[in-house]
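Trainee: Listed below, chain by chain, are the residues.
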Amino acid sequence: MATSSRRRSLVQRLSIRAALWTALLGLTLGTVASWQYWRVSLRAIDARLADEARTLATRITVREDTLDIDVPGELVGALEIDQGYYGVFEEGGQRLDGTAPSGPDPGAGLPARRVRQGYREALAAGPRGATVVVGRSLAPIYGDIRRLATSLLVASLVVAVFALPMALWLRQQLARSIGQIDETARLLAPGQPARIDAARVDAEFVGVAAALNEAFDRLERALAREQQLTSDASHELRTPVSTLVAETQWALGRPREPDEYRHSLEVCARQARRMKDLAESLLTLARLESGTLAPAHETIDLRELADEAAAELQPLARARRVTIHVDGAAALRGDPVQLRTLLSNLLSNAVRYNWPDGHVHVRLSQGGDMVGMEVSNTGTGLDPAEAHRVFDRFWRADAARATRDGGTGLGLAISRAIVDAHHGTIACRSAFHQGTTFSVELPANVNAGLAQDHGL
Amino acid sequence: MRVLIVEDEEDLASAVKRLLADAGFSADVAYDGEEGLYLALETPYDLVVLDLMLPRLQGERLLGELRARDQHVPVLILTARDAVTDRVRLLDSGADDYLIKPFEGAELVSRCRALVRRASGQSAPVLVIGEMEIDMPRRRVRRAGVDIALTPREFHVLEYLALHRGRVVSRSELLDHLYGEAEETMSNVLEVFVAGLRRKLGADVVQTRRGHGYIVEA
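Protein chains in written order, with the numbering used here: chain A, 1 to 456; chain B, 1 to 218.
There's no promise every hint is true.
Far from chain B, by Cβ distances over 12 Å, these chain A residues were calculated [unchecked claim]:
id : residue
1  : D51
2  : A57
3  : L67
4  : A185
5  : A215
6  : P240
7  : E280
To give an idea of the chain B side of the interface with chain A (calculated C-beta under 8 Å), a few residues [stated by the list, open to error]:
id : residue
8  : D11
9  : V16
10 : R18
11 : P102
12 : E104
A few chain A residues that face chain B, going by a derived Cβ cut-off under 10 Å, partial list only [stated by the list, open to error]:
id : residue
13 : S102
14 : H235
15 : E236
16 : L237
17 : T239
18 : V241
19 : L244
20 : T248
21 : E260
22 : Y261
23 : R262
24 : V267
25 : R270
Hints are computed from structural coordinates only; laboratory data are not their basis.
By construction, the Cβ of each residue, glycine as well, lies at the ideal position given by its N, Cα and C atoms.
Based on the provided sequences and hints, a complete structural model is requested.
Mentor: If you want it as structure tokens, here you go:
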């Protein structure tokens, strides 16, 4: 894949970030630890120095005019070990004893603490204005802190470096989880009911797996619908094609009489028209179902449309001695061409599958924001158990087949697709030998219906 | 040869009927499954051409009923389904052959002929009886190497008797296999054809068994 080098890797990003965070964490920890160590160490030194300074101050005695200083041996020893010093200064600032480099700061109170040239000092007051200074080097603490900081830094670097292989491990885990999804997606093919096994993916991917499985289901259903349509369509086309082939081969088999040729041509014309109707209906249905034939939003007088459709079907109705009645009125916003097709389909069915001297009733009604349309006949009726199948593509009742009137078997499927496109409902109610009623409910305003459908 | 066509598409049934008639079959047509089954059980057809998608009684059910009642008439299925599983199921449920729609007229005719031939225990398309050769696909008869011109009806009578040679065929059986139900027949029509055959092929070709029928000796 050419794009893979430029594409950023999630694992790479995660690893770099993990390393950076680890390093920053180490740095922060080091700083806090060093500061705390410094504070604790300084407090300990201060306590010790103050104690020593106080003790030393009590060892200064006044003898006549001079100060007698009795330095305890353990103090000298301790200071020697710790690289420290002490000093006793008289009031004037003159050093009387010890090695402390400087006397008390003029004007500063006692006792006091200070840092002088890398040494921590405690000052205490002795008799006659004398000042005692005890100091210890801070160098050992600095050294300790340096060592502590260094080791913490090294440790966090080590952890940061270890974060990289950890990222690799993470990558493996990710790949395992995604791999299952990937594998399934690859297996997916028409007629292959491969699904991601939700039990095998990690918790983080359960949602993704479910969403993908649902998408696969939807795709498969759509594919199955398409395959069914293709297979139905080819099945339906085979009969007229067979007839054309058989008829023309008969006619051309040997010279025939003019009447015979005429008859053959009539058969061919009839079958060709049937194929044309079928092709047109299939195309309409496919467009409606794929949503590419979105309905227009025009204000429509449904009564006008119903009267037109009834007038158009008059010749057929007269031939079958069927009377069409149109009652009521309704107006809505929708697609005039599609709604006209809907009315024509329902009416022509009602006329076709009717007894001689039968009746067809179209009843229009308007209530609230819904429009009702009912087309019923006094016709042959359907097995009530089969009534729901009338909207299936190419489904024809036995009786409808027997009449051999050349219907495409798609009229009601198209009707339902039109109703769906208008966000309405259509239902079929039938009783054997008593008649069939198609009830359509449409939102008076498709946009409002749309809003309802989306729960807005 | 008499054929029953069970097909609900009127135009297709009519075209098939005429194609078969040109090849010397007399055909009856049934437009739904129930009528088809009734006719197939009532009449001794030599062949049934059966569509599958039929009103009232589906083709497969019709075939099942036929076989369940021990009817051995050859059945050729016309089907729009081309899946192997469908074809296998059809053959396994008693069909003798099938043609997938759309089919070629010539192929339909040849398959029909082959089915009738096989049903009478005959595999060769040309029957040889003594000096006589009956070429069934070409509808021609030769005697001692000489072409003899027969009328279509004369050929039908000879073909049927030759396919069942060595057996006495009754007048009514012969008539049943010669004419479709809609065709008018006259009482002496068989005698006319047999007389024609004897005149053209020789007096000994078709013999009369008085009170029983006709026979072509093996």
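Trainee: Should the interface hint for H235/A be scored as holding, given a Cβ-Cβ cut-off of 10 Å against chain B?
Mentor: holds (5 Å)
Trainee: Close enough to count: is the Cβ of V267/A nearer than 10 Å to one in chain B?
Mentor: holds (5 Å)
Trainee: Hint validation: E236/A versus chain B, beta carbon distance must be below 10 Å. Holds or violated?
Mentor: holds (8 Å)
Trainee: Given Y261/A as an interface hint, is its Cβ closer than 10 Å to any Cβ of chain B?
Mentor: violated (13 Å)
Trainee: May I ask you to test the interface hint for T239/A with respect to chain B, counting a Cβ-Cβ separation under 10 Å as satisfied?
Mentor: holds (6 Å)
Trainee: Is the hint on T248/A kept, meaning its closest Cβ partner in chain B is under 10 Å away?
Mentor: holds (9 Å)
Trainee: Hint validation: R270/A versus chain B, beta carbon distance must be below 10 Å. Holds or violated?
Mentor: Since chain B brings a Cβ to about 7 Å from R270/A, closer than 10 Å, the hint holds.
Trainee: Closest CB-CB distance from A215/A to chain B, is it above 12 Å?
Mentor: Its Cβ never comes within 12 Å of chain B, the nearest being 29 Å, so this holds.
Trainee: With chain A as the partner, please determine if P102/B meets the hint condition of a C-beta pair closer than 8 Å.
Mentor: The hint holds - P102/B has a Cβ within 8 Å of chain A, the shortest such distance being about 4 Å.
Trainee: Hey, does the V16/B contact hint survive, CB to chain A under 8 Å?
Mentor: Where the cut-off is 8 Å and the nearest Cβ of chain A is about 6 Å from V16/B, the hint holds.
Trainee: Interface hint check: E104/B, Cβ to nearest Cβ on chain A, cutoff 8 Å. Holds or violated?
Mentor: holds (7 Å)
Trainee: Tell me if L237/A is really an interface residue toward chain B, meaning its C-beta lies closer than 10 Å to one of theirs.
Mentor: This hint holds: L237/A lies near chain B, its Cβ roughly 9 Å from the closest one there, short of 10 Å.
In the structure shown, a violation is registered for the earlier hints numbered 6, 13, 22 and 23, in ascending order.
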